[in-house]
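Protein chains in written order, with the working numbering: chain A, 132 to 436; chain B, 132 to 436; chain C, 132 to 436; chain D, 132 to 436.
One or more hints might be untrue.
Remember, identical chains collapse to one label, so a pair may be satisfied in a single copy or spanning two.
Okay, derived cross-link-like pairs now, DSBU-like style, lysine-lysine, Cα gap no bigger than 35 Å in a straight line [stated by the list, open to error]: (1) Lys177 <-> Lys401; (2) Lys211 <-> Lys433; (3) Lys173 <-> Lys211; (4) Lys433 <-> Lys247; (5) Lys211 <-> Lys177; (6) Lys247 <-> Lys401; (7) Lys301 <-> Lys433; (8) Lys173 <-> Lys247.
In short, the hints are calculated from the structure, not lab data.
Listed below are the residues making up each chain.
4 protein chains.
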Amino acid sequence: TQRASYLVGIGKAEVDLRAIGQLPGIRDIHQVSDDYQLVSRKWRVKPTVLDLGDGVYIGEGSLSLVAGPCSIESEEQMEKVLQHLLDNNVRLMRGGVFKPRSSPYSFRGLGMEGLKQFHQMARARGIKVVTEVMQVSQVEEMHDYVDVFQVGARNTQNFNLLDALGGVDKPVLIKRGISGTIEELLSSAEYVFSGGNEKLILCERGIRTFETASRNTLDLNAVPILKEKTHLPVVVDPSHGIGIRDYVAPMALAAVMAGADGILYETHEKPEEAASDGQQTLNFEESARLIQNLRRVYGLRKELV
Amino acid sequence: TQRASYLVGIGKAEVDLRAIGQLPGIRDIHQVSDDYQLVSRKWRVKPTVLDLGDGVYIGEGSLSLVAGPCSIESEEQMEKVLQHLLDNNVRLMRGGVFKPRSSPYSFRGLGMEGLKQFHQMARARGIKVVTEVMQVSQVEEMHDYVDVFQVGARNTQNFNLLDALGGVDKPVLIKRGISGTIEELLSSAEYVFSGGNEKLILCERGIRTFETASRNTLDLNAVPILKEKTHLPVVVDPSHGIGIRDYVAPMALAAVMAGADGILYETHEKPEEAASDGQQTLNFEESARLIQNLRRVYGLRKELV
Amino acid sequence: TQRASYLVGIGKAEVDLRAIGQLPGIRDIHQVSDDYQLVSRKWRVKPTVLDLGDGVYIGEGSLSLVAGPCSIESEEQMEKVLQHLLDNNVRLMRGGVFKPRSSPYSFRGLGMEGLKQFHQMARARGIKVVTEVMQVSQVEEMHDYVDVFQVGARNTQNFNLLDALGGVDKPVLIKRGISGTIEELLSSAEYVFSGGNEKLILCERGIRTFETASRNTLDLNAVPILKEKTHLPVVVDPSHGIGIRDYVAPMALAAVMAGADGILYETHEKPEEAASDGQQTLNFEESARLIQNLRRVYGLRKELV
Amino acid sequence: TQRASYLVGIGKAEVDLRAIGQLPGIRDIHQVSDDYQLVSRKWRVKPTVLDLGDGVYIGEGSLSLVAGPCSIESEEQMEKVLQHLLDNNVRLMRGGVFKPRSSPYSFRGLGMEGLKQFHQMARARGIKVVTEVMQVSQVEEMHDYVDVFQVGARNTQNFNLLDALGGVDKPVLIKRGISGTIEELLSSAEYVFSGGNEKLILCERGIRTFETASRNTLDLNAVPILKEKTHLPVVVDPSHGIGIRDYVAPMALAAVMAGADGILYETHEKPEEAASDGQQTLNFEESARLIQNLRRVYGLRKELV
């Protein structure tokens, strides 16, 4: 893929913009002052909408739903989740094949074999695959089998990985760091964008605070703030954001009302038997109800003001 | 006022409940195990709804809106705010007369004289007064001029004040501490409740975290968690929760969708000229639009299952 | 008591300082720009040393040790603690008589009767009493029976209490708030100082963070920062700062090496039987060893450049 | 390198330990219950001391000093730092060649060429090289040119990197995550240890909190807690821990008194001209004074009981 080139002016250097504007290959010239320059609304006012093909879009103008299990476990499991998504007209499926686990003795995922099967089954049903990439060497390996690369909360500042994803022609969904600021999330997006990949999605997924009644503290303040600071789509993960199954649905609805462009959540046929994160995973009945409610809430949001 | 008496069983002591049940004056007997016992849903399943008179209620079944300036500044200011509330059918007005300010050199409020005038003007218009009490000695002094005592985020664990409010026959709205846990908020409510005052409202108003892009981090996770743990009404203050005027409205709408029973926010005819907190205060046009939107969102929430 | 008067210039008003300097009663004139003005080193370069009488000082030039139980429990208990302090030449005893407890069902202290007895017994042995005042009404009541008023971490921003202590002629030890910034601690000190009471001590006691392996996170960074920003003495409370008995001693020694002017810690004859905070309380053997070590570490610190 | 094999029993499975003990190659059998098993003091009581050759050790029994610039910048710079270390008998030099920077437009280090030169110059002077590895592909590449691999605070939970370092025969210094708990640091160490590399050093470097007066909040509580929980050496980085040049020295001294086995700090001939982190870097005069003082403090610590 041919990379776009950006001229990014840092600091106080004096440059004659007109001379640059006449160079071959230059499409556009801008002067911006923030640290995150290319992802800033000051540089590009119009919201970015990503086209994933087959009529699937992420960005303003539609509500993107991304659902699926924490971990890809088996063909049978994928079959059931895919059917559930088809039944509810959800076009994006999430599911991890490389699992970053804080203990070295936990289940670590099905790896590339699982991903290949996941991709094949999803594609056959017109569903897009969103899955986490954990290191530079996986970027090329996974490339043909993912529709959206996900960067997890522990890798938001893995700058080598961000650099590698800057050279890829597939969308990248970047999760906010476990204790990452909004500024840092924007800087991470800038890494990828300045590398040439403009297809970015930002994801609020809860931050670490002193509160222990929930797994994380879902920071919905970040939604309107990000929507004003950047032209990129902003989605919310309420499953990790609160971490308690019974409360995922109200937080998802609240996120849409705060302005989110999409919701990423965990669902599984039998959450009690999930290989990971079962305590925050919806069963299909809960998931179907949530999807219906999310669409009604999004419909109302468009009518307000 | 005659205080109710509660028997609260702490620890593992063996008691014959039947014998207690026959004592004169005992209405009811319960055994609960949490630290917050009387405010727990395990003790009282039915949600508490407070009746403030004149058809004003706080609790499940209606959406309570509490609006007004950070500080009561003048008769003219109050006149304008009260008219704005009447125009929009809002029945509860907030406004501080004792201002806890972190610098000793800032405006500290109009005091009791301001409160008396506030109360008189509000009552003449059928509007209820919600205002902050800062110390024990003010409880009696303020009593006849408030409809709801507010306990601020710096006093959530002022146990002497909570004790004093336990003996009062007016509702108490307790704000979550600046770095207070959900458990601590419930314990503070338990202080007042166990003192005999069951008329309590809990308020999420944002917590202190590492994030500096917003004044506080509004923890909407707290809404569904509190609604399940306690029978008391739960309201949200998005003005302090995010602290930036442009984002107050989306956070208010999100709070309702998360399950809040009411919204407490700051409004002023000219926020730019407010004596305090102008940066997070809505003007009347913004406030009117928010009220209308909040009611539509609440209407939809009731329709969802 | 006759209050001193301070002229504090806030904002940009133009004033002819020479004219003010000639007014009767004016001792000194300064222009400073921080929010905390009177407590700033920019206003007073020389470190403040408090003279409590009987040869007891707090401030640079000596290491102040303040030891004793969390709660005053009985005459026998006080007798034993006082003897322990005498044996080790410690001249300041801490002990609470009003206990702020997060649950309304916990032990709340012996109150004024306990304080009077505590004071009498301590004075008979030449030992100074440091105890917590929790509300405005207690200031006058407690005045004659305390040598140092302590403001607890939940009252650091109880501005009414700070105002009241500004009019008192006894030293005030202000603990940093549970989630209080260093700036806020200095502003709280400014409240008292600007009210006329210059006898202040600041205390780092740990802040609330996401870490749960310790009760609080002792922020020793605050010690050198406070020592540069203010002329007031800075002491550290390692008992609350880490909250685990075995680790109190190393943290106390570290605090001295970071530059603390004193250490406040909990000791009890039988920590296992203490009415409160036993898990972070040293027995007399541990306390005696700590005192000896603290003095050696302080001795070395004075030798270093 | 031949990897050691560990049998780690997870969960409740019943196993006949005697049968396992007779298998060829089994040196030792243990049953422990924590998540971090191999790094726990319950498994190995004796403190681990790492032997880096040439008489350089890290662990209990000596104070390890690791000093040097944030970034390796030039041959001249390295020459001067190495001479400074030789003059002060410091045997470990730190310096980054791959710089993880939050903005994509900042200096990113000299890379492998810089490392090779750094290593050659250091070895010629008998000084050991401590430098950060940022991704799996660098592990092999860097292997011959480092004496200690450093895992940075943004990679503490980069489990692929930890896995790769588990197969290496060089020591690994793991920094605590920016908002990492003590438990998580131990789990990260367990990753490397369970992969076969027992040569580990843990490093407290400050955590992210609400306090903004310092760059991070140095959590010295972590020192005694880690020293009790694990047999691994524990060092402290006061440069990142407070982030302000004037306060690095007192925090370093405090860390030693809290029980640290070593100190890692930044020094540069002209901190004002450093390519990164100059605001927290000591010049050689300050560094020499600190080294001298650290040794005196460590000497006293050994004398205390």
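Violations among the numbered hints = Hints 3, 4, 5 and 8 are the ones this structure does not satisfy, whereas the remaining hints hold.
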